[in-house]
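*Asks:* One letter stands for each residue in the lines below.
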Amino acid sequence: MPTRHLIVGAGTAGINAIRTLREEEDGAASEVLLVSAERPYSRMVLPYYLGRSIAESHVFTATPARLAQWGVTGHLGRRAVALDAKASRLTLDDGTVLAYDDCLIATGSSAVRPRIPGAEGPRVHTFWTLDDAQGVMRQIAAGSHVVLVGAGFIAFTILNAILSLGARLTIVEIAPRILPRMVDEAGAALVEGWLRRHGVEIRTAATVTAIEEAGGRRRLRFADGSEIAADVVLMATGIKTNLEWLAGSGVRVNRGILVDDHLRSSVPNVYAAGDVAEGADLVTGAPEVHAIEPTAMEHGRIVGANMAGRDRAYRGSLLMNIVGVLGLDLASFGAWADAAAETAVAVRPDRAAYRKLLFTGDRITGGIIIGRSEDVWTGNDVGMLKGLVQAGTRLGPWKAHLMRNPFDLKTAYVASGTTGRLLPETILRRPSRSPGRAGTSV
Amino acid sequence: MRCELACSYMQTGRFEPAKSVIRVSPYEGMTSYAPYTCPQCAEAWCMTVCPVGAITISPVGAKVVLEDQCVGCKLCTIACPYGTIFYNPATHKAFKCNLCGGAPACVEACPTAAILYEDVETQDWLGAFAAARSAPLLAGEGR
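Note that the protein sequences, when read in sequence, are chains W and U.
FYI, the working numbering numbers position 367 of the first sequence as 367, with every residue one higher than the one before it.
FYI, the working numbering numbers position 37 of the second sequence as 37, with every residue one higher than the one before it.
What the hints contain is simulated information worked out from the structure, not anything from laboratory work.
It is possible that part of the hints are untrue.
[What the hints assert, rightly or not] The calculated label-pair distances, taken between Cβ atoms and stated as ranges, are:
| no. | chain 1 | residue 1 | chain 2 | residue 2 | range |
| --- | --- | --- | --- | --- | --- |
| 1 | W | A141 | U | E16 | 31 to 41 angstroms |
| 2 | U | T112 | W | N269 | 51 to 61 angstroms |
| 3 | W | A175 | U | G140 | 34 to 44 angstroms |
| 4 | U | R14 | W | P268 | 53 to 63 angstroms |
| 5 | W | N405 | U | A90 | 26 to 36 angstroms |
| 6 | U | G101 | W | P268 | 17 to 27 angstroms |
| 7 | W | E374 | U | G101 | 46 to 56 angstroms |
| 8 | W | R52 | U | A90 | 34 to 44 angstroms |
| 9 | W | A87 | U | A90 | 51 to 61 angstroms |
| 10 | U | E118 | W | D93 | 51 to 61 angstroms |
| 11 | U | R14 | W | N405 | 23 to 33 angstroms |
| 12 | U | E67 | W | D131 | 21 to 31 angstroms |
| 13 | W | T284 | U | E118 | 39 to 49 angstroms |
| 14 | W | A346 | U | E16 | 24 to 34 angstroms |
[To be verified] Restricting the straight-line Cα-Cα distance to at most 30 angstroms, the calculated cross-link-like pairs of lysine-lysine (BS3-like) are:
| no. | chain 1 | residue 1 | chain 2 | residue 2 |
| --- | --- | --- | --- | --- |
| 15 | W | K86 | W | K240 |
| 16 | W | K399 | W | K410 |
| 17 | U | K19 | W | K410 |
| 18 | U | K19 | W | K240 |
From the three backbone atoms N, C-alpha and C, an ideal C-beta is built for every residue, glycine too.
Using the sequences and the hints, build the whole thing.
*Replies:* Have a look at this one:
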């Protein structure tokens, strides 16, 4: 039976869904339509483009040639404006109506700016899209003073790039500390010290009230009456899920589109994946929006397999983040902020190393690792911590050992048999294929 | 730790154990040792998470990093649940075991034949070995 699949959004979730669908079909020729406002590119690599360590061509994920090879009918440069889930029809911004048998909503999220005077003015940017990146690149030069408003994960991903361009950097954060949603207070204090030692200026508990013109530059005014001048202002003040266009569609929405373990929404032939999906958290089982790259990838692959009729259930997504700033790596996993968990904390100030492990019973349900990139054990431990949380290993006597020494993850990981628990695990119940070997059948 | 020396030489052209992708852990107060490296798992968490397709499967079945494609975003290092893919701050690239193209230097270098290169069903070689040799550590001795 010929089927028509409609993919809305060409980010990580959408592209992984298409690739997996073609892999799973293995010769069959269903119809695939792709709607995307932009050419498919990877948001994850934009900071490296900003820092000029990669060329623009490097950011694109599915080139026109790849889409043709996949037999995808593209509606690129178009936005979805309305979904009629009852009739299985999608309307685009140019009035085109597309009928589908099943549909994936993977419309991602957008950057938001604070509602203050001047937030939309010249030399004030968000850093979210390829267009944003190009706008910022045109305006940062060696010696520029860049003010980064917001000290969360997004801000930290572009910190290295800004500094590598020779700019001077000031970070402004409304909360009393940096990275409020990625690491705990002790971890943030360590990172803050590291950044200050490397010449980054940081203002916490600082509320920007207005951004004004000041002789070709920008002037930021603060609630406490102070002000600073900037050549470029970058707003890293959060993101919002792109859901408004689904109003009246019949698809059930909470913070995101509520999905079951097959990534199906309340409408059985409509899937959601990535930033717009609110699905099970691997650790808690509770519905969460995880606007992170690995979740978008796994969601997308599960949807692709299900669209191909494979009946693949998803265990849930694991919250994880990593960012490197000036040679210091920060990673957090799972329920790292769970106040009900038992915690073990250790700091080695001489090595700028920090570990926090959170236990529920004798399982690790979350954790934070901070350490220098050159410290080989940081890299080792980051993966092993992820493995311990993902496998839900019952640690037995190793819990007490790790409570005493949170730095000795490796011994506990190996001796608790975590490798053996993880080896049989695959997302699609089969070995993954090389990215270059996606289905070429159509 | 000859395997670490041999491995780092194959990976980087220098004898620098810190760059080895096989890592040896001591057990029972340094009386026994366990070498640990990438199990070349079926899921290939590092490969599937890579946003630019910079990890692929080599002819001998190793998951390998294509250096000219890797942007150094470190996503693979958090996605890999085995802790066996690393970031090199000097090159800004990820690196991992590539099975030396089918003739692993660690195997060749091991003087006690403790490392074998065989194509078998994936399994956890070290878990039971390490667990059986962990009593002193769990009793609060060792380090």
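*Asks:* Now tell me, hint by hint, if it's right for this structure.
*Replies:* Hints, one by one, checked against the model:
no., hint, result
1, A141/W - E16/U: 31 to 41 angstroms, "holds, 38 angstroms"
2, T112/U - N269/W: 51 to 61 angstroms, "holds, 60 angstroms"
3, A175/W - G140/U: 34 to 44 angstroms, "holds, 40 angstroms"
4, R14/U - P268/W: 53 to 63 angstroms, "holds, 58 angstroms"
5, N405/W - A90/U: 26 to 36 angstroms, "holds, 29 angstroms"
6, G101/U - P268/W: 17 to 27 angstroms, "violated, 48 angstroms"
7, E374/W - G101/U: 46 to 56 angstroms, "violated, 27 angstroms"
8, R52/W - A90/U: 34 to 44 angstroms, "violated, 19 angstroms"
9, A87/W - A90/U: 51 to 61 angstroms, "holds, 57 angstroms"
10, E118/U - D93/W: 51 to 61 angstroms, "holds, 58 angstroms"
11, R14/U - N405/W: 23 to 33 angstroms, "holds, 32 angstroms"
12, E67/U - D131/W: 21 to 31 angstroms, "holds, 29 angstroms"
13, T284/W - E118/U: 39 to 49 angstroms, "holds, 40 angstroms"
14, A346/W - E16/U: 24 to 34 angstroms, "holds, 27 angstroms"
15, K86/W - K240/W, "holds, 26 angstroms"
16, K399/W - K410/W, "holds, 13 angstroms"
17, K19/U - K410/W, "holds, 17 angstroms"
18, K19/U - K240/W, "violated, 41 angstroms"
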